[in-house]
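K.L.:
Chain residues, written in single-letter form:
There are 2 protein chains.
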Amino acid sequence: MNKINCFFNPKSVAVIGASRDQKKIGHIVFRNFVEGRFKGKVFPVNPKTKKLLGRKCYTNVTQIKEKIDLAVISIPAEFAPKALEECGKKRIPAVVIVSGGFKEVGEDELEDRLKKIAKRYGIRIIGPNCLGIFDPSTGVDMIFLPRYKLERPKEGGISFITQSGAVGSVVLDWMARKGYKISKFVSYGNAVDVDEADLMEHLAEDKKTKVICAYFEGVREGRKFLNVTKKISGVKPIIILKGGTTEAGNKAISSHTGSLAGSFEVYTAAFKQAGVLQADDMEELFGFARTLSTLSRPKGNRVQIITDGGGFGVLLSDNIVENGLTLAKMKKETTERLRKKMPSYVVLKNPIDLTGDADVERYREALDAALADPNVDMIGLIVLLQVPRLGGDIVQTITNAFKSSEKPIFVISAGGEYTEVLKKSLEDFGIPTFSYTQNAAKAMRVLYEFSEEAEEYEKRKRR
Amino acid sequence: MNKINCFFNPKSVAVIGASRDQKKIGHIVFRNFVEGRFKGKVFPVNPKTKKLLGRKCYTNVTQIKEKIDLAVISIPAEFAPKALEECGKKRIPAVVIVSGGFKEVGEDELEDRLKKIAKRYGIRIIGPNCLGIFDPSTGVDMIFLPRYKLERPKEGGISFITQSGAVGSVVLDWMARKGYKISKFVSYGNAVDVDEADLMEHLAEDKKTKVICAYFEGVREGRKFLNVTKKISGVKPIIILKGGTTEAGNKAISSHTGSLAGSFEVYTAAFKQAGVLQADDMEELFGFARTLSTLSRPKGNRVQIITDGGGFGVLLSDNIVENGLTLAKMKKETTERLRKKMPSYVVLKNPIDLTGDADVERYREALDAALADPNVDMIGLIVLLQVPRLGGDIVQTITNAFKSSEKPIFVISAGGEYTEVLKKSLEDFGIPTFSYTQNAAKAMRVLYEFSEEAEEYEKRKRR
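Line by line, the protein sequences are chains A and P.
Read in order, the letters of the first sequence are residues 0 to 462 in numbering that gives the first Met the number 0.
Read in order, the letters of the second sequence are residues 0 to 462 in numbering that gives the first Met the number 0.
Honestly, the hints are just simulated from the structure, not real lab data.
Keep in mind that a hint or two might mislead.
Since the list gives no way to pick one copy over another, a pair counts as held whenever it fits inside one copy or between any two copies.
[Said to hold, decoys possible] In silico lysine-lysine, DSS-like type, Cα no more than 27 angstroms apart, as pairs:
1) K460 x K250
2) K153 x K423
3) K330 x K250
4) K330 x K114
5) K271 x K223
6) K2 x K47
7) K458 x K250
8) K114 x K22
One chain only, chain A, in its complex shape (with noise of 0.2 angstroms):
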């Protein structure tokens, strides 16, 4: 089995330092593994305890009879490079280390330690001073913050990983209360061995990833870096949400992790020659992972609107023009057969207005004449509530629309509690669902980014 496979996908796990105390996150960690989805077999190490909830507890790894493929190292910075070593007699080929104090602050010594040991054993580590993984397909599951702080996402499209473990449990909190789903999730702290590149190679390959997503403030090597993105993102969209943007926030990275991030420029000049498409935050970030996780590659950048309130249908085509997209025309005879299906009053322009007196009928008749029509390449669906004749029904019109064509929708809804609720069922059928129309229009553009991006890739392969 390939080594970083292993971390996702592991027959057996040990985790070393796994403790009584049930406030200290080796007993978390092994708790997550005993008592969640995880199917593989689960080892305690920790010399002072002879059983942890009903298993048997082991003084070091070497003392296990059966194959470890993954190990989990989660014991004070001082003693983790003795059981690293143990884990390299024990031919365990990934481990992570939770564990901090080392480069972080200051103890660069102790980590160098790490690598000699992962290098002349083979072992591939992820961390120190990390959160680790959570891959909700096998159930794995390390991270230690307390359940009811932080709630776990439901599995899906998206990748994210991250330097910060700050970033990573406020990343996978609020995706599971929005909705958004998650394929694997990597918090690699200081990346003594697996960093940003090796990660994305392997999400690059991984089945069940269709977005590449990661927060980091530098790289480790940026040639390797250039040359894995380069290679993947034509094939697999990467988003990156990159710290440290001026030389205030290189400051605060200096003194937050010891390292240097390098100048900003040079980083946007090197993503926009890998073709990796870059965030301006998170909102932004999960807005467009969310549309290229789940939407298909649109032929142009044409969007129809199809609106309930006329304010909301020149916000959007103030925002779509800002973003170098156009207004479709639709074709003279969609608009005609529309014409003979709409009250009078109903405007057949771009936006479509079907005014506040629409109905679920009026919007399936828009969607359906906007999907057939070939000068329309996007929708831009924008669906207030509040109007009195819209009833819930409308989730599964755009349901019906979105299973039956493969051009993108995007929907745009926003209110109280009785809009959000119709929105997450959307959501959870795998329509992404916008508050903001700029939110919108910013998601609709870099799908078109990547659209083209994938086209030029597979056309110089073809060559």
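Please build the complex by placing chain P on the supplied structure of chain A, with the hints as guidance.
P.N.:
The following block gives chain P in isolation, referenced to the frame of chain A:
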């Protein structure tokens, strides 16, 4: 009584078109007045009905003996002029016409008749083609959309006026869900008489309104609008989201309102000259509004960041600089004093990184220090609640700090249910919270801009 005041604070209201049919707008508006928090008298007007919700129904307003401060007209457009004429005879000073079917559908002549009647009798009109008014302090509530679909926000300092009814309905529903608090809401539709400038002039004098927000696609009288906003903007912040910033948006406007919106460049220049703050989208608008309605004016643009997650500190540092603000440098004595109270690994620069084992006590010390330090004008307080040792009592710590000092505190916190509950309790207390560092930094910029504007204004006044 000032006639415009009658719209918001009438002692007696007539609802023309009040109906037995529960689906009719006239029924809903009448019921809102009768069953809601409105304390004045309410009279139904409908020639076909004798009694409505236990009250005597009148054939027309002239038959009501008592004085009427406000009439709401909700009958087919063609009958509106006659009803308005009767309001004139009855000397009703203020009339809201919610009915549509005028200029927006090409019935310019019908709308002109309303104008003439209003002029003849000295009636002030809001509408036609609008949602009308919502004022939680007096219980005036004309919102006729189904209540389960459209919640009502609580009473507070944000006033919102809008040309578009659809935008208005979304905004109300949304504010309710997010816990944002409203002073006065007006959807003024076609603005046959009372326009955005009149409303702003009124809101400027209204003590309950701390911030005036507006969505519109064009102003009726440019010169008047400029004069009014210039007078207000140094005293009370005005935030505008303008639809139609592009040619495409302007085309959309002309097909849904039948009017020309004018060049965006002209508007932007005029807004700037008048000291009006512009928002790029709804999200910005409300970020700004909450900030300006609750936080005091900062003395300068120096921001101290306090965080428990390094990555978020980096992102906020970037965003602060991108928005033209600077990172504060606390006094040496402050950091020395803090140093004694904090573990060695806590970073006491800007950002102050309390790290992932931060507790409430550490936040309290850092907050108190930053609030007391003369080199700090504003505080960016990042609170990632996922960390194990940080409890719900952080809410009390933040509200105490908020009460103890005039320095604006911007709380940034993101995550799932647990986080949202704590954020909502801060919002209820009047402390704006943000999910994204970028939004918080933009709000800081706008608060600083307004404080500069206000200072300029005061200087001019003293001269």
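K.L.:
If a hint holds in the structure, say so; if it does not, say that too.
P.N.:
Going down the list of hints, with the structure as the test:
no.: 1; hint: K460 x K250; in the structure: neither (42 angstroms within a copy, 42 angstroms between copies)
no.: 2; hint: K153 x K423; in the structure: both (13 angstroms within a copy, 25 angstroms between copies)
no.: 3; hint: K330 x K250; in the structure: between (55 angstroms within a copy, 18 angstroms between copies)
no.: 4; hint: K330 x K114; in the structure: neither (64 angstroms within a copy, 40 angstroms between copies)
no.: 5; hint: K271 x K223; in the structure: within (16 angstroms within a copy, 48 angstroms between copies)
no.: 6; hint: K2 x K47; in the structure: neither (30 angstroms within a copy, 82 angstroms between copies)
no.: 7; hint: K458 x K250; in the structure: neither (43 angstroms within a copy, 38 angstroms between copies)
no.: 8; hint: K114 x K22; in the structure: neither (29 angstroms within a copy, 73 angstroms between copies)
When held up to the earlier numbered hints, the structure conflicts with 1, 4, 6, 7, 8 and fits the remainder.
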